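**Student:** Single-letter residue listing:
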Amino acid sequence: MMDEKTRDELLRLFQTKLNHAMRFYLETCSRCGVCTEACHVYASMPHVKYIAAYRAEIVRRIYKRYFKGQGKVWSSLGESKELTDMALEELYEAAYSCTGCRRCMVFCPFGIDTQMIMSIAKLLLVGANAAPEILTMLADMSIEKGKSIDLFKAGFVEGIKNLEAQVVKKWRMEAGEAAIPIDVEGADLLYVALAGAHSIIPAAAVFNAAGENWTLSFFEAVNFGAFVGDPSRTALILDRIINEANRLKVKEVCICECGTAFRVMKQLSGKQPFKVTAITETHARYIREGRIKIDKSKFQGPVTYHDPCQIARNGGVIDEPRYILEHLTDDFRDMTSDVRYNWCCGGGGGLVALGDETLDFRMKSSKVKADQVKETGAKILATACENCHTQLSNLNDHYKLGVDVQFLSSMIADALVQE
Amino acid sequence: MYTASYIVLVPMVYFAFAVFFVGTGVRLFKLFRKPKQVATLQIFPEKRPKWLWALYDTFLMPSVRKHSPVLWLFLMLFHASLLLLIIGHLELIQEFKIFQIIQHEIFLGKGFIGLILCVALLFFLFRRFISPYRDLSVPEDYYLLILLFLTMLFGSEMDWARRWYDYTELGVEDYRMYLSSLLHLKPIMPSLTGHSFMLVLHVFFANLFLIFFPFSKIMHSFLSLPMNKLRRG
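As you go down the protein sequences, you meet chains S and H in turn.
Counted from 1, the first sequence has number 49 at position 61 by this note's numbering; the numbering is strictly sequential.
Counted from 1, the second sequence has number 244 at position 186 by this note's numbering; the numbering is strictly sequential.
There's no promise every hint is true.
[Stated by the list, open to error] Derived, one-sided and incomplete: chain S residues facing chain H with beta-carbon distance under 7 Å:
1. 7
2. 8
3. 11
4. 15
5. 18
6. 19
7. 256
8. 306
[As the list claims (entries may be wrong)] Now the in silico label distances, taken between C-beta atoms and shown as ranges:
9. 61/H <-> 329/S: 58 to 64 Å
10. 345/S <-> 170/H: 54 to 60 Å
11. 326/S <-> 107/H: 19 to 25 Å
12. 235/S <-> 124/H: 47 to 53 Å
13. 259/S <-> 87/H: 27 to 33 Å
14. -8/S <-> 170/H: 55 to 61 Å
15. 231/S <-> 87/H: 37 to 43 Å
For the record, the hints were derived by calculation from the structure and aren't laboratory data.
These numbers come from a predicted model, not from an experiment.
Don't be surprised by glycine CBs; every beta carbon is placed ideally from N, CA and C.
Kindly generate the complete structure, drawing on both the sequences and the hints.
**Tutor:** What follows is the structure in structure tokens.
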């Protein structure tokens, strides 16, 4: 049973989310149901609870109860609802079955952003200590690393040194040059990778091939604060990178293949003296400027590309991966004629980070994505997001798609031509 | 009976309009003074000019046309007819030369505008009896549609009675005298004979609708454009 104090505290958190866009979204839905077919979860498992408008209504009913006169005077009119433990359970199911892909926003005649409404649900869960523990823990670890970077530095630098030989295998360096430069003040580009060699080695090889004056960030790009829906944690994790970029006086912050990291950095970092790019944009630029050459014969068979929602529909990086793929293959098969409508892979919103706990749901809810991939007849499925890559690999195994799931940046690194 | 009709046709009209204007104004003021969203809510790819595309999304509803063409047809018919209906009511207050660019008899549409609106409202209503729309709907959705339907039905009946069934007790001049008198704060009651009960019921439901308006989802009439602009960036 939720006590009065907890409820008041949660409603205070709710109130903090009520900016004018959020108010528009909460006030306006006509429940026309045009968004019904928008969600990949509903398209794969047609239960009403997976319709975007239904998810949003779970939050909206609480909003009506506490923030609208209508809910106080005539609560049955809009079926407004009290904030109780049971309501929190409903909020959990709504929020953590939504990947935040915003495909429903394309369908909605008003453009209601369900992801934004779900951010209220996630924040209430954080406030009630009911958010997924692992996401909260990962967010806190990222924040802790930002606070006491000196403790982590030596270990990080040593780990990176061990990767350099593998970078050189992909792109030979002049003697004395660092294959993975770290903490270089005055570098042009700060590369923010994920924790893992796969995110660093290919990127480093391409930067070196392009002759980029770059440096590697001490911090991992992924923002678990955004996954868990906690604005203060999101800001703290983001600030670590902003501070590092400003300290090193870089001109560009290049975010690795991570959709959420890119969108958070690009859209939430505010006005800064550096520009923010996705690594796909940077790679397309290198090809366009002739700074790298890639071998088109490296990959055999048809190739398709999955647009990560946060990078394409929500981030605007749409033409660049296609430009790169034109240089990687003669048989590129686009899986969609309109990127706005491309299906989500089903792994966003922290679902992949929750691991096996969500695996069954992720597989069932993404059948439409698997079908979409199958229809292309592609042998290679490229993407530019860590979460999407993991989810698509899981789908590949589960639905026996028979594709080779590849990071776009790895494909470029593997196809580099050294003259 | 006269007293009840008087209450509906005079004080309740003033009250309804007061609630409508003050309520809508206050609601919009409260909504727009909230802090703005920091990050963009845009959907890509971007098309320019953004405001023109936002207008296109708002008034032509391309997403509905694409995903639910039958609903779109009824929505377009409904909204276009609503616009003609508003023009018709303005012409009932006084003549506007600009509206007579295309010569027409008052009320616009030879009785068919009301018919279209009633049919569209019935479509919207019965659509909500079918799953999944039934599961998404809340009582407000049904009440509003029923209220609008009753308003339109009795309003249209007045037009049909006069135009199609030769009820001549109340005509355009009577309505014009009544509406102008309300506007000039010198209310004159229309003659309560013949089909005047339709007028009383029409005004009664219209009053209820106006009172309900600022507190309902019909506020989308004002919010749809700014929301579509947010999506266009």
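**Student:** Now look at each hint and say whether the structure bears it out.
**Tutor:** Comparing the hints with the structure gives:
Checking residue 7/S against chain H by beta carbon gives a least distance of about 5 Å; that is within 7 Å, so the hint holds. The criterion of a C-beta within 7 Å of any C-beta in chain H is met by residue 8/S, whose closest approach is roughly 4 Å, and the hint holds. With a cut of 7 Å, the hint placing residue 11/S at the interface with chain H holds, because the nearest CB-to-CB distance is about 5 Å. At a threshold of 7 Å, the smallest CB-CB gap from residue 15/S to chain H is about 6 Å, leaving the interface hint in force.
At a threshold of 7 Å, the smallest CB-CB gap from residue 18/S to chain H is about 5 Å, leaving the interface hint in force. Proximity of residue 19/S to chain H holds as hinted, the smallest CB-CB distance being about 4 Å (cut-off 7 Å). The closest approach between the C-beta of residue 256/S and any C-beta of chain H is roughly 5 Å, which is under the 7 Å cut-off, so the hint is satisfied. Contact between residue 306/S and chain H, as hinted, is supported at the beta carbon level, the nearest pair being about 5 Å apart and thus within 7 Å.
The supplied range of 58 to 64 Å is met by residue 61/H and residue 329/S, whose beta-carbon atoms lie about 59 Å from each other. With their beta carbons about 59 Å apart, residue 345/S and residue 170/H fall inside the hinted range of 54 to 60 Å. Between residue 326/S and residue 107/H the beta carbon distance is about 21 Å. The supplied range of 19 to 25 Å therefore holds. Our hint of 47 to 53 Å for residue 235/S and residue 124/H holds, since their Cβ atoms are close to 48 Å apart.
Restraint check, residue 259/S to residue 87/H: a C-beta distance of roughly 29 Å satisfies the suggested window 27 to 33 Å. Taking the beta carbon of each, residue -8/S and residue 170/H are about 57 Å apart, inside 55 to 61 Å as hinted. A hinted range of 37 to 43 Å for the beta carbons of residue 231/S and residue 87/H is consistent with their spacing of about 39 Å.
Of the numbered hints stated above, none is contradicted by the structure.
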